[in-house]
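Participant: Construct the entire structure; sequences and hints are all you get.
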Amino acid sequence: MKICITSEGATLDSKIDPRFGRCRYFIILDEDTMAFQAIDNSNIQASGGAGIQSGQLMASHQVKAVLTGNVGPNAFQTLQSAGIEIFTGVTGTVRGALEKFKEGAFKKTQAPTVDSKQGMA
Amino acid sequence: MIISVASGKGGTGKTTIAVNLALSLKNVQFIDCDVEEPNAHLFLKPRIFERIPAYIPIPEVAEDKCDCCGTCQDVCAFNSIAVLPGGIQKDGTVLIFSHLCHGCGACAYLCPRDAIHEIKKTIGIVEKGFSDGIQFVHGKLNIGEAMSPPLIRQVKQHIDPMKSVIIDAPPGTSCPVIESVKGTDYCILVTEPTPFGLNDLILAVEMLKTVGVPFGIILNRYDIGDDCVDLYARENGIPVLMKIPFDRGIASLYSKGLPIIGYKSEYDSEFKKLPGKINTLIKKAKFDT
Chain A
559 MKICITSEGA TLDSKIDPRF GRCRYFIILD EDTMAFQAID NSNIQASGGA
609 GIQSGQLMAS HQVKAVLTGN VGPNAFQTLQ SAGIEIFTGV TGTVRGALEK
659 FKEGAFKKTQ APTVDSKQGM A
Chain B
15 MIISVASGKG GTGKTTIAVN LALSLKNVQF IDCDVEEPNA HLFLKPRIFE
65 RIPAYIPIPE VAEDKCDCCG TCQDVCAFNS IAVLPGGIQK DGTVLIFSHL
115 CHGCGACAYL CPRDAIHEIK KTIGIVEKGF SDGIQFVHGK LNIGEAMSPP
165 LIRQVKQHID PMKSVIIDAP PGTSCPVIES VKGTDYCILV TEPTPFGLND
215 LILAVEMLKT VGVPFGIILN RYDIGDDCVD LYARENGIPV LMKIPFDRGI
265 ASLYSKGLPI IGYKSEYDSE FKKLPGKINT LIKKAKFDT
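These protein sequence lines map, in sequence, to chains A and B.
Residue numbers for the first sequence follow our numbering, beginning at 559 and rising by one.
Residue numbers for the second sequence follow our numbering, beginning at 15 and rising by one.
Heads up, some of the hints might be wrong.
Unchecked claim - The calculated label-pair distances, taken between Cβ atoms and stated as ranges, are:
(1) A/K675 - B/V254: 18 to 26 angstroms
(2) B/R65 - A/K658: 54 to 62 angstroms
(3) A/M678 - B/K300: 35 to 43 angstroms
(4) A/I602 - B/T303: 44 to 52 angstroms
As the list claims (entries may be wrong) - Non-contacting residues of chain B with respect to chain A, defined by C-beta distances greater than 10 angstroms in every case (computed):
(5) D78
(6) P99
(7) K135
(8) D146
(9) R235
FYI, nobody ran anything at the bench for these hints, they're computed from the structure.
Glycine included, every Cβ here is placed at the ideal spot set by N, Cα and C.
Facilitator: The following block contains the structure:
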C-alpha cells in the first residue's frame, strides 16, 4: 500500500512537516518495499487552495493513507472524497512515523484538525 | 474625471477625504468600493432607490458528460476544483470549492466535453441612491463571502462617465484595491506621517505604478508623527495635494457622521482647490506618457 508522509526534507530521516497542504515535501512510499519518492511541494506558493491541490496530488499518486500534523477543511474534504485515510498529530521523523503506523499506533482523523489558511507563513 | 481615494494603511481618512471632495464638486457621483465594510453612506446618508443582487457564475458539473480529464482543474487559477481519479465514484469525482471561485468561467469555456455549465451564486448586493444631488452607489458583500473583486466590478459598472466620479477604495494593496483603482484617472493616497503610514504608503505607490494610475498624497494629521512622508514624497517627486492637521473638531464631526465641509472655511477652500490641482496633474501625467 502506498502511503504519504509530509516531511521537511527529502529523506526518510527528515522531520515530519506538521502542515499538509503547504508541507515542504511529500514522501510517498510503498509500505512493503520501502521504495519511496520525495515530491517537492509546489503548492506552498498558492495563495489559496493549497490543501485541495495537495489532496488531488495524493489521489493522482494512488496514495491510500496520509500521515501528517494537521489537515484543514478543504484538504480534509478532498482526501476523504478520494477515499484516502488521514492520520494527524504525527511527529518525529518520517522513518519513525512509518514504524509507528505499521504498529497501528495512529488513529484515523474524522474531521479537519485546523481552520483554513493555518499552514501559511 | 474619475478620482479614486486609496491608502495602504487603514484608518488614515480615505472616506473623510472622498466624502468631502464629493461635497465640494458639482454633478458628482460617489462610488463606495469598500464592499467588505462600506461606510460612506454614514456620512452622505443617501436615500436608496434601487437594490440589485450581485452574483458570480460558479461551475456545476454534469456527471454524465464528465470523463474526469482534469482540464478544469488545470485551468483554474484559484485552485477551486479538484478532479479525483477513481475515488468514491467509478470514473472519478470532481469537487468544486465555490468559496474559492472567482467566477472567471475558464473551466466552463475550456471543458472539452462541455460538461460544465455555470450557475449563479449570490455574493452580495449593489445599492443605488441619491444624497443632496450626489448620485450614490455602493456594494455590500455577504457575510462569510471571501471574494470581493467580482462585486467591486459590478459596483463599478454603474459609473457614469458624464459626472465627476469619486471612488472610495478599500484599504491595503491587494486585489480589492487594485480592482477599485483600476481605470481611474487619478488616485489620491491618504496617509499619515508615521512609520506605519509611510511603510504602507510605499506599498501603495508601488502598486499604483504597476497599475499605471497617476497619484498624489494627502497627508492627514500632518502635525503628529515626523517628516518621513514629506521626505519620501520630495525624494520621489510625488505631489502632496493637501495637508490636514490633527483637529479634534474633525474627529468630533466624524463621530457624528458629519462632513468637514462647512466646519472651517480654510478646509472648505482646500477641498474646493483639490479638483483643479488634480485636473492639472492628470493632464501632466498624460503629457509625460
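Participant: Hint by hint, say whether it matches the structure.
Facilitator: We went through each hint and held it up to the structure:
For the pair A/K675 and B/V254, the supplied restraint of 18 to 26 angstroms is violated, since their beta-carbon distance comes to about 38 angstroms. Distance hint check for B/R65 and A/K658: the Cβ-Cβ separation is about 58 angstroms, which falls inside the suggested range of 54 to 62 angstroms. Look at A/M678 against B/K300: about 41 angstroms separates their beta carbons, and that is inside 35 to 43 angstroms. Between A/I602 and B/T303, the C-beta spacing of about 38 angstroms breaks the proposed range 44 to 52 angstroms.
No beta-carbon of chain A comes within 10 angstroms of the beta-carbon of B/D78; the shortest separation is about 19 angstroms. Separation of B/P99 from chain A is inadequate, the least Cβ-Cβ distance of about 6 angstroms not exceeding the 10 angstroms criterion. With a minimum CB-CB distance of about 17 angstroms to chain A, B/K135 clears the 10 angstroms threshold, and the non-interface call stands. At roughly 42 angstroms, the least C-beta separation between B/D146 and chain A is larger than 10 angstroms, which holds for a residue marked as non-interface.
At roughly 31 angstroms from the closest C-beta of chain A, the C-beta of B/R235 stays outside 10 angstroms, upholding its exclusion from the interface.
The structure shown violates the earlier hints numbered 1, 4, 6.
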